[in-house]
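Student: So the chains spell out like this:
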Amino acid sequence: MTLPRPLAPFLNFAQALRAAGFLAAPEQTQSFIAAVGLVGPKSLMDVRRAAHATFGPPPERHEEFDALFDEIFLGRVLTAPAPGEPEDMPNAFDAGAFEPILAPEDEEPSGADASVAERLFARRFADDESEALRVFARRLPQALPRRRARRLMRGKGRLADPRRTFRHMMRRDGEVARLLRRARKERQRRVLLLIDISGSMKSNTDGALRLAHALVQAGEQVEVFTVGTRLTRVTRALVRRNREQALQMASGLVADWDGGTRLGEALQVFLSVPRFAGFARGAFVIVISDGLERGGPEVLRQAMTRLDGLAWSVLWLTPLAADAHFQPRTEALRAIAPTIDRLGDGSSPQAIAGEILHFAKGGRR
Amino acid sequence: MPVRRSILGIDGPQSLARSLRDAQYIADEGLATAAYLALALGKPLLLEGSPGVGKTEAAKAIASVMGRELVRLQCYEGIDASAAMYEWNFPRQMLAIRQAGSDYVNLYADEYLIARPMLLALQTPRDRILLIDELDRSDHEFEAFLLEFLSDFSISIPERGTIRASEPPVVIITSNRTRELHEALRRRCIYHWIGYPDPALEAEIVMMRSSVVARDTAHRVVAAVGRLRAEPLAKPPGVAETVEWAEAATILNEQGVPWPRAFARAIGVVLKDQDDLAYVAPNIDRLIMGSAA
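So the sequences go chain by chain: A and B.
In this text, residue positions in the first sequence follow the working numbering: the first is 1, and each later residue adds one.
In this text, residue positions in the second sequence follow the working numbering: the first is 1001, and each later residue adds one.
With a straight-line Cα cutoff of 20 Å, these simulated EDC-like cross-link-like pairs (lysine to aspartate or glutamate) come out:
#1 A:Lys185 - B:Glu1143
#2 A:Lys185 - B:Asp1139
#3 A:Lys361 - A:Glu220
Here are the simulated distance ranges between beta carbons:
#4 B:Arg1072 - A:Met249: 35 to 43 Å
#5 A:Arg275 - B:Glu1141: 15 to 23 Å
#6 B:Ser1006 - A:Met249: 45 to 53 Å
Simulated from the structure, these hints should not be mistaken for laboratory data.
Where is the CB? At the ideal position from N, CA and C, for every residue including glycine.
Chain B extracted, bound-state conformation (with noise of 0.2 Å):
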């Protein structure tokens, strides 16, 4: 297996984490760490989580520390090979037969192919990174054939022969977990499960994320959707959604709404179903203030 102790200047989960920090995302330890093993085994990145916790910004920041382009391929059902590594552009293929007339003309030449984010990574694996988001909404099909991707990153094109990466991508994979992902996959992958973070550290993620948001307002907006969290709502409040709340919360409260009206009147932000705002409403101002109020 080979190994590389240190990635452009990255010598450990805490200077990855000093890294990120710099690119304005925050990791825990365990994420940092996740990263640092997947960078210096060449391993596929796989991180796991509810929506909204950071795992696409994850991949990006990541991106940006190490001064490439991220590709991103989001996934659906249905995905298949001409959506993610390549395609033939065949009007063109076209043209260029009526255009030859008698003469030869190689149309499978590179000015015919169109590179997708698969392919795209494995022809520059220095200048780019491959996100595979949301790989759970795509079905088992595609599943196998990424699982090929990812033993050798190798991709065969009948018209062109094999294409082979110079060195292994740095891939990253999410998944909100609608479904198992399959083991073969799981198995090749460093693994992390991404978790909402604990008060303190989403404190510090508004703050960071929010010049506007003063340190109590950051403090009191995290408590609050902690507290949502524990409920059963159809879509409990991520990271982002936090944020835009802290945020919301400190417009309207400049504007002249006193305190805790602010957060209750800026509701909509953080929840966005109508069920869960009729299942809140009774309760909101001991979701808001605690069990102090």
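If we strip away everything but chain A, and leave its shape as in the complex, we get (with noise of 0.2 Å):
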């Protein structure tokens, strides 16, 4: 079948978002189609507006979309869209342009102390698998704290059944034989698991991502972010089964390893994102990080008695707890005492796996 030609561009446009990973199904690029024709249209805009309408891009990729749009109806080529997902993050943290440093750098942060330097590089994760991770994966689903949810199902439990039991008296010519009953369902707590990928931490990180990786895929609610000078949501590379993959996947979406810290101020901005903060409620809050700050501590103070407000419970890991002997002396760490729940060992997968089952089981201290 040929189509009509002045049809082509709508039919490549369609083809271009799908490659370019936006939704775009039949009946959307047939609404579009039906769209256009309803608006006028009188000028392009029109043609613009229907396109947003019926293929709704979502918020954050919308200079994408348009430039997508500009390409095929107004045949201008434009620079290739930003990887990664730029989250709706408002502009009070921009954290400096994306700048990826690809050659090696010689004169590596020191591991002791937070770096003033944003060191934006990918790089590549140690291939590392571990028993523990398996034994972690395994235990966690009975592990994780559970809540009650709305939905109800029934079996025994303090709520009446008026319908099934209803229909249990009409087989008996309405006679009331027994209440049946209904219960509310549990659902697991959602879990966020924040991972500190500053200069100090560098050690640390790719065993953090791996244990990440574990717990996305054993939980039924995970979300993972990164948080070195800024904030990465990394959750969508790691709900990958495959675990290299998601780990490259995750690499490739962080721009900022090894970076120094500004743990308050990328705090402050995921609370103030309202799908973030709204993740953080009621859930089962982790921090993976030695909590040594750029930043002053009253902003990492504030951050963390709001996210503790909002939590059900925060476990905070750091590498430096793996000394029995060891005391919370950082500035940072003192100041957000009161606001966690534990301070626990975050020295390695196995540490912190070892953490979160205890945690979770009940071991709030």
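Hints given; two lone chains; assemble the complex.
Tutor: Written out as structure tokens, the structure reads:
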């Protein structure tokens, strides 16, 4: 079947959208063409609005969408879309331009101190499979805290089930034989994992991400963010079952490896995006960080107080706590001590896994 | 795909925008286009945006323009068919059995059926508009169920058979985007992201919503709210807060509080979170007056 020529750009546009990872189902293309007919079109702006209404690109990708539109309908070739997923963040937190530095650095930031330099470069993960993570994934679903959901299910419970009771009754000619009951379902609490990827955490981030992958795979509702000089949501990458691929994708999303830490500011950004803050509500929050903070402790303290208010519980894991005589000495850790429920050992994936299982099972101390 | 170019005399985005303005709602061209297309193509309209940008208000305005009643279904986690579609009136059914004795009684007649919003909209699509509010609060089970409803606008009641709409009802869905809605659902809808309005538009909204606010006050409030929204706040102020702030400051001013002070005194109307207030307090003059002060 040959299509009328004027339709070509519309179909090409849908194809281009699909190639760029936008949602563009045939019925949307159909709606788009019908919509263009409906709105006039008196100008290209009408066509653009029709495209927005029918394909519904997410707000954080509007620019990319418009660039594709211009390319197809105006023949204008624009720059390639930025990689990663720019979330809908407020303007207040613009942590510099995205400049990947691919050349390896001669001088590594010292592991002991948080470094000011924003080192943005992609990096490879060390391949390390561990039995501990498998055990962790197996035990996690039972261990994770549960909360009562609103949904009702049949079974033993305190609530009457009128519909089933009535049906039952009808079968016995209107005789009330017994009252059937139903109960509230239980669901896993949401888990929010925040991983500090600053220079001072360098030797721990790979392990933490492998653990995060196991956590995302085993839990029902898990969100993972990396925090350095900026905040990156990596859940999207970690939902892939294949660990190699997942970790590679995650490392591609993150742009601020081994830089400094502005944990407080990044947390504030997290909390000011309503959908992220909404996720933290009632969630089991796990932070993996040494608490070596570039910003003042006051910002971090405020953010942690707010996070603690939203969360079910906050577990803070620091690699420094591997030492049995560890005491929280840094200014930042001391400032936030009242807002966290337990300060634990985050020195290795095994230690983190152990802490999470123990804490989740009710070992809140 | 059934297409109707003109719906109740509305024959394009501009004419819909005009009607909405008569209904006290100022829509930008993007929203007017999306809403018009949803009506013309007979598809659900999905409105997403931060809390307080006027998603529910838009639905109310569209209902008022079309002269139809708005049936609102507020979503929550665990919402199910008995809250969204229909429920049998069990006590009345019981009574009917008792009274009937040995006579025949149809226990599944209309009088025992309690219609909930989705069934209501289906039964009388010409009189009602269905608003499914804050769909992101519901769980995946309900979303899947809604998808079925939206694809063929029918509800099957085991005791009664399938009830079909004589014409597709107008459905408006809102979401605060606390989670991503399923692609299958988004694909079926006409979509619009409502952002915060630009300053000129927001000032216009303030003046339309509140007759006591002077033009100058409206512009200053809108500028101050814009600066507040750029700060990392837990609860960025919505459009309703802007209107209330302008009103509150005007009232305080009438009672003798001088201008910049009136804004600062009424700050509790616009920021409703202790941490936000504490955060803003040191910079309050700069935020209200702009960088000049």
